[in-house]
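Enquirer: Residue-level listing of the chains:
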Amino acid sequence: NAGVTQTPKFQVLKTGQSMTLQCAQDMNHEYMSWYRQDPGMGLRLIHYSVGAGITDQGEVPNGYNVSRSTTEDFPLRLLSAAPSQTSVYFCASSQSGPGGYTFGSGTRLTVV
Amino acid sequence: DAKTTQPTSMDCAEGRAANLPCNHSTISGNEYVYWYRQIHSQGPQYIIHGLKNNETNEMASLIITEDRKSSTLILPHATLRDTAVYYCIVSSYSGNTGKLIFGQGTTLQVKP
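Same order as they appear, the protein sequences are chains A and B.
Count along the first sequence from 1, then add 1; that gives the number in this note's numbering.
Count along the second sequence from 1, then add 1; that gives the number in this note's numbering.
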């Protein structure tokens, strides 16, 4: 049981490049979400999903796209990377109803 | 979702109980209190949640006041590995859709 798997663990991008951060969970969780965490700061919600085909914006959605075509996967796309998007990105999943979220180990992204 | 207020930092002696307070005076009837922690740069880890009754699991106890306006997370025998940032979050069951909004949390330092 792998839990929440994020790939890659580290990535360096040039300004203007695009890329997709991958997130997969094997727990059949309905809810999935993406957060970013800047140095010394708390986590901020980017996008979230309540099930396949359903997504919504969080606190800081600009510059990011998501889709949820399957229950297991919730990729995060950076359309045109900017230095301000340098951060650690965490994916999380949860079953529906009250209960705890399981977080991945994060993707450390640097945009130069 | 209701906002929470936590002290910025706390110290605790190893082997003693760590009591982390959280104020959520605007909590509504269908909102749960959740606690997470983040050790260094790892992904956040779910600890416990509750609605109005006190809760206990293998990691911690959660004490919620009768008026539900505040709560305390108790780590009964703190170890050095419990040094982390602890987040108190209030979120509604009907709205438990991935919108877990993190504040700044309490940095707990466990000292030998």
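Calculated from the structure, these hints are not laboratory results.
Mixed in with the good hints there might be a few duds.
[As the list claims (entries may be wrong)] Now the in silico label distances, taken between C-beta atoms and shown as ranges:
1. LYS10(A) x GLU59(B): 43 to 49 angstroms
2. ASP27(A) x GLU59(B): 32 to 38 angstroms
3. ASP68(B) x VAL13(A): 30 to 36 angstroms
4. MET42(A) x GLN110(B): 15 to 21 angstroms
5. GLU59(B) x SER19(A): 28 to 34 angstroms
6. LYS112(B) x SER106(A): 25 to 31 angstroms
7. ALA53(A) x GLY16(B): 44 to 50 angstroms
[Said to hold, decoys possible] Derived contacts from chain B toward chain A, CB cut-off under 7 angstroms, selection only:
8. CYS13
9. ASN31
10. GLY44
11. PRO45
12. TYR47
13. PHE103
Backbone N, C-alpha and C fix where the C-beta goes; we use that ideal spot for every residue, glycine too.
Enquirer: Hint by hint, where does the structure go against what was stated? Just the numbers, ascending.
Expert: 1, 2, 3, 5, 8 and 9
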